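Enquirer: Given next are the chains, with one letter for each unit.
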Amino acid sequence: MLEIKNLHARIGDKEILKGVNLTVPDGEIHAIMGPNGAGKSTLSYVLSGRDGYEVTQGEVFYNSQDVLALAPEDRAAAGIFLAFQYPVELPGVGNANFLRTAVNAVRRKRGEAEMDAVAFLKVARAAIKNLSMKEDFLKRNVNVGFSGGEKKRNEMLQMALLQPGLAILDETDSGLDIDALKIVADGVNALRSARFAALVITHYQRLLDYIVPDVVHVLVGGRIIRSGSAALALELEAHGYTGLEAA
Amino acid sequence: MSASMQELASAKYQYGFTTDILMEEFPRGLSEDIVRLISAKKSEPAWMLEWRLKAYRLWLRMEEPDWAHISHPPIDYNDLYYYAAPAREQPKSLDDVDPELLRTYEKLGIPLNERAALAGVAVDAVFDSVSVATTFRETLSKSGVIFCPLSEAVREYPELVRKYLGSVVPMHDNYFAALNSAVFSDGSFVYIPKGVRCPMELSTYFRINARNTGQFERTLIIADDEASVSYLEGCTAPMRDENQLHAAVVELVALDSAKIKYSTVQNWYPGDADGRGGIYNFVTKRGACRGRDSKISWTQVETGSAITWKYPSCVLLGEGSVGEFYSVALTNNHQQADTGTKMIHIGRNTTSTIISKGISAGKSDNTYRGLVKILASASGARNFTQCDSLLIGNECGAHTVPYIESRNASAKVEHEATTSKIAEDQLFYCRSRGLSQEDAVGLIVNGFCKDVLKELPMEFAVEAQKLLSVSLEGSVG
Amino acid sequence: MAIPGWKRHDMTALPLKKLEAWRYTDLTPLAEINFSEAGLGVAPAALPDLGLPRAVFINGRYSHASTLPMPEFSPVHETGDLPLAQINAESAQAGLTIDVPDGVDAGAILLVSHASGEAPFAVHLRHRIHLGRGASLTIIDIAKGDGLYWHNPVMDIRLEAGAKLAHYRLQDESRAAFGLATIRAHIEAGAAYEHFSAIIGARLSRTEIHATLMGEEAAAHLNAVQLLNREQHGDFTTVVAHRAPCCASRQTVKSVLSGLARGVFQGRIEVDRIAQKTDGYQMSQALLLSEHAEMDIKPELKIYADDVKCSHGATIGALDEDQVFYLRSRGIPEAQARALLIRAFLDDALSAVRHVQARALFEAAIDTWWVSQ
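Protein chains in written order, with numbering that gives the first Met the number 0: chain Y, 0 to 246; chain H, 0 to 476; chain Z, 0 to 372.
Treat the hints loosely; a few may be bogus.
Simulated pairs of lysine to any residue, SDA-like, Cα-Cα distance not exceeding 25 Å [unchecked claim]:
| hint | chain 1 | residue 1 | chain 2 | residue 2 |
| --- | --- | --- | --- | --- |
| 1 | H | Lys141 | H | Glu225 |
| 2 | H | Lys420 | Z | Lys17 |
| 3 | Y | Lys138 | H | Gln385 |
| 4 | H | Lys420 | Z | Lys308 |
| 5 | Z | Lys308 | H | Glu24 |
| 6 | Z | Lys17 | H | Ser140 |
| 7 | H | Lys465 | Y | Ser226 |
| 8 | H | Lys411 | Z | Asp98 |
| 9 | H | Lys449 | Y | Asn140 |
| 10 | H | Lys449 | Y | Val214 |
| 11 | H | Lys449 | Y | Val117 |
| 12 | Z | Lys17 | H | Glu404 |
| 13 | H | Lys449 | Y | Asp208 |
| 14 | H | Lys420 | Z | Ile273 |
| 15 | H | Lys411 | Z | Leu259 |
| 16 | H | Lys465 | Y | Val143 |
| 17 | Z | Lys276 | Y | Val143 |
| 18 | H | Lys465 | Y | Asn103 |
| 19 | H | Lys411 | Z | Glu215 |
| 20 | H | Lys362 | H | Glu404 |
| 21 | Z | Lys301 | H | Asp450 |
| 22 | H | Lys453 | Y | Arg139 |
| 23 | H | Lys465 | Y | Lys133 |
| 24 | H | Lys40 | H | Glu155 |
| 25 | Y | Lys133 | H | Tyr14 |
| 26 | Z | Lys308 | Y | Phe145 |
| 27 | H | Lys411 | Z | Thr314 |
| 28 | Z | Lys308 | Y | Arg49 |
Calculated directly from the structure, the hints in this document are not laboratory data.
Predicted, not measured: the structure shown is a model, and the values here were computed from it.
Excised from the complex, chain Y in its bound form (with noise of 0.2 Å):
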């Protein structure tokens, strides 16, 4: 379970995240939406740990761990797992490299055994083929080269692969066609179980409807404004944003 308590976060003097609450049980999805400049990858940054972001006040809890103490690899390995608005380029170092050397620490960390390569390829594959991906993505460059779809595949093979019970998607649609965004729908939707959550972190509304989500969230200038149904994001999609930002 995620619990966020009273959050706020500023970049350098700019206060972006001002009081959020929200609680995300396990087995559940959570959206949230909101305008731009709202604070929704602020959110999904300070979930993971990177720097330039200062916590001013509040709390996060993860399966009762203080998440904000934990290095970013120990988010990982505490089973948070990011997926990148723009994923980052790595020149030279191989797909396949990156992915068991990741899945190892993590499994080192959890006290699991490492995977050989040999055993690694094998799950590797497996998930490539779930996913709909050719076998060459695992020996290319991390990232360099692909195109956005093929970087957002990426993210969901890596996902796969590291098994996390809490799964942040920040704006993984963006500039998605229908194609891959189902196939992140699908990437999402085959860890749902009772031991999962994720936060789908969206502008639009078209993501939900592939992967349902169990409670829409409203973010605006730094907080929760409203919470509801699936319903929620039709709504906003039908009338916007500027009616709520007064409430």
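Once you've looked at the hints, dock chains H and Z against the given chain Y.
Expert: Just chains H and Z, lined up with the frame of chain Y:
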């Protein structure tokens, strides 16, 4: 830096132990008498002694070069020992080798026992001034390959040695080459006869052990028509507070359609985190592609030494000959590296490729210096050069000094250079996937070096990758 | 007003080839000549005009052909360590002195240096350009002449914060002359020095520019084309020192060499420890049109800050015969096809010249050069 941090930093160098063994040393200092002593010790013929003396007299009149981007206190050439060797008689076979030496090489990961040795790699083990063992000589001799200490070749194969020694790096080439020509002690000699593909990888492992001793090995590799060989070189030294001089010369000769691949993983002791101690590595390496369609390929991973001054080069004489230089130079703490290559295009349709990756961390200085020269005779010549520098931290320097000279309109030269750092978002991306900061740096640096590392033979590549990560420990944080 | 000639100096004052900065340019032919004082000289019938305010120097003297008032000339105190600037300092008696006050846009001016005479003579002009805060100026700088002479001008430029100087130089010296120009620019925060040189004349020339970026977001753009033939030697040397954060430098240098010509480009980018977020770029390309032409390139990066983006590239080669063939197969005659491709090659450097008159001047000079081939 606290004492415990220092221990930690120096503990990273795994090969810093010393071997306690009875040594024979000549008196300190350099004179004609010392040159004569070295020659006599090796029972050399008169022509070899004359050659040495000529080089010594030449050296006396030369001056240390000062153009490299390095600085060090003056070297007192009369305060060094020029010969140090295990006191025991030179062993006739592996069975005679001092067990203490065998244990030393075992510890360095180079078992000399042929049963335990890496499959497919023959090793010449050089300990201070002498070769102490050469493995798989019989296997090699069956295919006509000569692989032996150079001192032995001087006696056993004088025609070959006389013909080629100093023919690629003449004694007057530079200060350190002249010094080496006067006092070179041991090194490897390789001759691959016509049409022979050397059946195994050849390798020399250099170990400096004795205190205050310079190492002046000399290696000569000749690949006759249509012959090919892959040669590996590794080097380590104990941790000492003093600086030790290593001034080697390597000469390669490739005749018609011959191929020589020369790989180095240089891990001499780099000095401690405060810049105390470490090897001064002044090395002249050059290959001559004399035959048509011959090829010489240098690959180096330089992580050790307090100072590295080396420019493995190719003289491309034969029509259609090919020169390659793949280099990773990593400096940390107070290390200084000034390294690169020279590609001299003389023959028609000669091609060369230079890929250099420099990584600077700590307070180090790292310079790529290279020359691509296309002579008027080199019609159709091609060169491609890529030099990339990576800076880690804000106290180091990264420098690129290429010289590009073309005198032939039909030649084509391309050069690219970039400087970058490890981006914060790359580190964060890796860490959010569970990698520690140090693993992430190691991964990104190895990715940066990939185009070079893939040129190394398999076992060396794995070793080099580990070495890069270990050498960077503590540089980010 | 006497202009001292070369005889006052002995050879040791000249930079010799053993200096690393002079490894590709040998001044021995210069040292072998006895240069006397310049005669009065005559202004050529057709001095470049362009309809701009102009300063004209004939054989090193301020000419009545100038429309700008004669500047006061104060003695030179040379503090730098460049040998040619030192020789200049000992001999200079005249030069353009301009001081643009804060905030003033002074428009464009023309600077003409012309030299002609019988016996070999030397001309050492000292120009001083100062732009106050936020001021701007364009200088179109033309060096021409006839006969054997040594033109050794030094231009010292100081740009206060936010100032903008565009400096367009056409080096069209006599083919028998030595043209050794030294330009030093000190550039404060937010100021920009934009330089373009077309190097066409002189038997032996060197254009040496030192641009020092002293304040944040200062910029230096140093572009050049070198068009050399016969036995000409042209050397374009730059040193850009990034001494403050967030500065940018751009250099595009294109050389076209025919006959026995030799082109040199040396470009160093220095980045101090403090100069984070430096953006430095340098590209040097050369076309060798004849069998015996030669190009030497030494691009150099000296970097002490980690968060920087610096790169350089260099290529040397011939015209792409596939491209020539492609154009010919579309009906374009060979000579025209080659001219077209060479113009396209030069365009990257030339496109930085946005001043219309300067652009037209360079285009005409390039066309003339090509026709003379």
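Enquirer: Are the hints correct? Go through all of them and say.
Expert: Hints versus structure:
{"no.": "1", "hint": "Lys141(H) x Glu225(H)", "verdict": "holds, 18 Å"}
{"no.": "2", "hint": "Lys420(H) x Lys17(Z)", "verdict": "violated, 35 Å"}
{"no.": "3", "hint": "Lys138(Y) x Gln385(H)", "verdict": "holds, 23 Å"}
{"no.": "4", "hint": "Lys420(H) x Lys308(Z)", "verdict": "holds, 9 Å"}
{"no.": "5", "hint": "Lys308(Z) x Glu24(H)", "verdict": "violated, 52 Å"}
{"no.": "6", "hint": "Lys17(Z) x Ser140(H)", "verdict": "violated, 50 Å"}
{"no.": "7", "hint": "Lys465(H) x Ser226(Y)", "verdict": "violated, 51 Å"}
{"no.": "8", "hint": "Lys411(H) x Asp98(Z)", "verdict": "violated, 47 Å"}
{"no.": "9", "hint": "Lys449(H) x Asn140(Y)", "verdict": "holds, 11 Å"}
{"no.": "10", "hint": "Lys449(H) x Val214(Y)", "verdict": "violated, 46 Å"}
{"no.": "11", "hint": "Lys449(H) x Val117(Y)", "verdict": "holds, 22 Å"}
{"no.": "12", "hint": "Lys17(Z) x Glu404(H)", "verdict": "holds, 17 Å"}
{"no.": "13", "hint": "Lys449(H) x Asp208(Y)", "verdict": "violated, 43 Å"}
{"no.": "14", "hint": "Lys420(H) x Ile273(Z)", "verdict": "holds, 15 Å"}
{"no.": "15", "hint": "Lys411(H) x Leu259(Z)", "verdict": "holds, 18 Å"}
{"no.": "16", "hint": "Lys465(H) x Val143(Y)", "verdict": "holds, 24 Å"}
{"no.": "17", "hint": "Lys276(Z) x Val143(Y)", "verdict": "holds, 24 Å"}
{"no.": "18", "hint": "Lys465(H) x Asn103(Y)", "verdict": "holds, 17 Å"}
{"no.": "19", "hint": "Lys411(H) x Glu215(Z)", "verdict": "violated, 39 Å"}
{"no.": "20", "hint": "Lys362(H) x Glu404(H)", "verdict": "violated, 33 Å"}
{"no.": "21", "hint": "Lys301(Z) x Asp450(H)", "verdict": "holds, 24 Å"}
{"no.": "22", "hint": "Lys453(H) x Arg139(Y)", "verdict": "holds, 15 Å"}
{"no.": "23", "hint": "Lys465(H) x Lys133(Y)", "verdict": "violated, 31 Å"}
{"no.": "24", "hint": "Lys40(H) x Glu155(H)", "verdict": "holds, 16 Å"}
{"no.": "25", "hint": "Lys133(Y) x Tyr14(H)", "verdict": "violated, 44 Å"}
{"no.": "26", "hint": "Lys308(Z) x Phe145(Y)", "verdict": "holds, 23 Å"}
{"no.": "27", "hint": "Lys411(H) x Thr314(Z)", "verdict": "holds, 7 Å"}
{"no.": "28", "hint": "Lys308(Z) x Arg49(Y)", "verdict": "holds, 23 Å"}
The structure fails hints 2, 5, 6, 7, 8, 10, 13, 19, 20, 23 and 25 (numbered hints given earlier, in ascending order).
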